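*Asks:* I would like the entire structure built from these sequences, with the hints used as guidance.
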Amino acid sequence: MITIKNITKKFNDFIAVNNLSLEVKEGEILCLLGANGAGKSTTINMLLNFIEPSFGSAKINGLDVVKNPIKTKNFLTYIPENLMLYPTLTAIENLDYFCKLSGKNFDKTELKLYLTDAGLQEEAHNNRVKTFSKGMRQKVGIALAIAKESKVLLLDEPTSGLDPKSSNEFMDLLTRMKDDGVAILMATHDLFRAKEVSTHIGIMRSGKLENYSDSSKVSLKELETIYLDIMNFKNVS
Amino acid sequence: MKNIIFKELKELTRDGRFKIAIVISLILLVVATITGINQYQKNNQQYLESAETERKVWETQGEKNPHSAAHYGTYAFKPKFALSLFDYGVTKYTGNSIFLEAHNRHEASFSEATDQTSLARFGTLSINFVLIYLFPLIIILIGYNSYTKEVEHKTLTLLKSQGVHPTKLTLGKWLATFIPVFLLTAIIFLIIGIILSSLENLAFFTWSSLLAIFASYTLYYLIITTITVLISMWSKSSGMSLVSCLIIWIIFSFITPKIATNFANENHPYPSKSEFSTRIAEDRKNGLDGHNPWNKAAKKLEQETLQKYNVDSLSQLPFNYAGYRMQKGEEHEAKIYEKHYNILNEIANNQNNTYKKLSFLSPFFPIRFLSMDIANTSDNLHWKFTKAAEKYRIEKQRFLNNDIKDNSKLGERGYKMSAESFKKLPKFSFTPPTLGEILKDNTQNIFFLSLWFFIPFLGLIITSKKI
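Protein sequence lines correspond, in order, to chains A and B. Here this note's numbering is used: the first residue of the first sequence is 177, the next is one more, and so on. Here this note's numbering is used: the first residue of the second sequence is 168, the next is one more, and so on.
The set of hints was computed from the structure by calculation and includes no laboratory data. One should not assume that every hint holds.
[Said to hold, decoys possible] Going by beta-carbon spacing under 8 Å, a handful of chain B positions derived as facing chain A:
hint	residue
1	Lys177
2	Glu178
3	Val257
4	Thr322
5	Gly330
6	His332
7	Thr334
8	Lys425
9	Ile426
This one's a predicted model, so the numbers in the text were calculated from it and none came from an experiment. By construction, the Cβ of each residue, glycine as well, lies at the ideal position given by its N, Cα and C atoms.
*Replies:* Here it is, written out as structure tokens:
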């Protein structure tokens, strides 16, 4: 579903992503770990064609994202760190608008169903979004992914700043989507959640993928050790 | 695209600022419409009454010497054009009646401005003001943040990740900015059109002209909309965008017109009133005087006439020479006036052309000139009116002088024209140019307006792909 091949992004002299290759198949969750500035967000932005890669190619569902900027977006849903919606519109109206932009038309009951599916309480459906917390907005984002039947979910630190309960609910939603065959790429700082939800874990440093492992084959303790080793190595060098 | 428009409009209706702006402009419009239509009806009534009374006075003046009647004079009144409601143009400063008498050509007098106190300088609330100044401002208030709000609310990333075509997004936002004011304008034109067409004694009202003014304003609003959305795309923040839009609005509607006026006056100065009268007096002195048989030109005319009819003395002519001389003198004076007024007209035309040439500075010039012309309130029309009045004056003098020439004897004192004969003088009537002629005259303005629309629109389409 998501294929990145030898991708490099340079900003003047600074190399944000360095010859990165990775793949996320259907029903997989790849969690990208790494310090701030490791190139996680840049990678996601290149998959969205917000940033054009200097070298290499990124593909969604087999289509090059630079050549098919609109087509590839129909397969994916992107949830940024702080998902913002139109404050004067209600949850339903927001969801309706974004669905329609992607060419999908639903009636009100269907939209309500998707919101409920994503865990947004019924009372909030007709409230204006300006009263919503981050967790609630994120649920609208997930509802959008469900409604669009997205094959790919791109998440950029979605749980940072969420309380443990919301965070937990969010992870449950991700697991459900994974079970439905969605390919998920998530950038995060949360080792614990990453280990719990993901099928694969990648650790990035200075734009390079330093470690790639199967989550089921590594314990949380081992993961932490690997992570710290990679980060410390930077300090030594 | 439909969805984008609906969503933008929905957001707009939930915005308090927008509601306030619309309510205020609606109130202003209602007030302006009511006062405008009342004023129009009053003025039109005045015009009709004056024209009728003046004619009655002429027809019932009884037996009189024709030349006395010529000196007594009549007035030619300028009709109140129905569409002047939408654009007052220069009517406030041009007179609405011209005194027609023997020997002298007069300027139009009794302008609205002279009937008011100097407070009139502050202007009045009119539909024309709302349409030309206020509506562009409302377009700016609707559209200045069409893009910047997406950036500031951070909704742009989510929006962009939906796979919406960027040009469609732009066109959606563009139309959503345009539609509210467009609808408002359409409603106003429709309502006023219906009210006007139901009025009696309406002067020169046609739905096609109304539609033409509506189309001109629509084009102007499209220009403002395009520039506003374009600025919103280029700006980093809503505040910057609003300030830039407002500066452009001020430059368009206030600064450039004043600069252009200075420029036009500088390059094509109008002579002062006294200068103008002196030049005419100078020319008249050396020419034929209908009253004075002893001046050089009169003597010459006498010789020529005698020769032409092959007679020895004036009494042998088949007509009254006094009337003939009077008419010749009149024709001579009319020619002098024509020459000098043509010079003035030339200067006025040059000034107008200066404005037209400066149209690249601001779309305000072409729209003003176009709408004034269609509304029959332009300087151009005033010149047409004064020329028509002068033509009528000359005809009237010929009518009266011919009566002397044909019906009285040479040297006859106390000749009087019959009371009935005065009624034979045709009435003065003035027909403004047709819409087709007006539009043809304004091709340059229409061309500039189109350019003002197409170039920013092209910029809009190009920029949309880079957002």
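*Asks:* For each hint, tell me whether it holds in the structure or not.
*Replies:* Here is what the structure says about each hint:
1. Lys177: holds (7 Å)
2. Glu178: Holds, because the Cβ-Cβ distance from Glu178 (chain B) to chain A comes to roughly 5 Å (cut-off 8 Å).
3. Val257: violated (45 Å)
4. Thr322: holds (5 Å)
5. Gly330: holds (3 Å)
6. His332: Since the shortest Cβ distance to chain A is 6 Å, the answer is holds.
7. Thr334: violated (11 Å)
8. Lys425: At about 40 Å, which exceeds the 8 Å cut-off, the nearest Cβ of chain A leaves the hint on Lys425 (chain B) violated.
9. Ile426: violated (41 Å)
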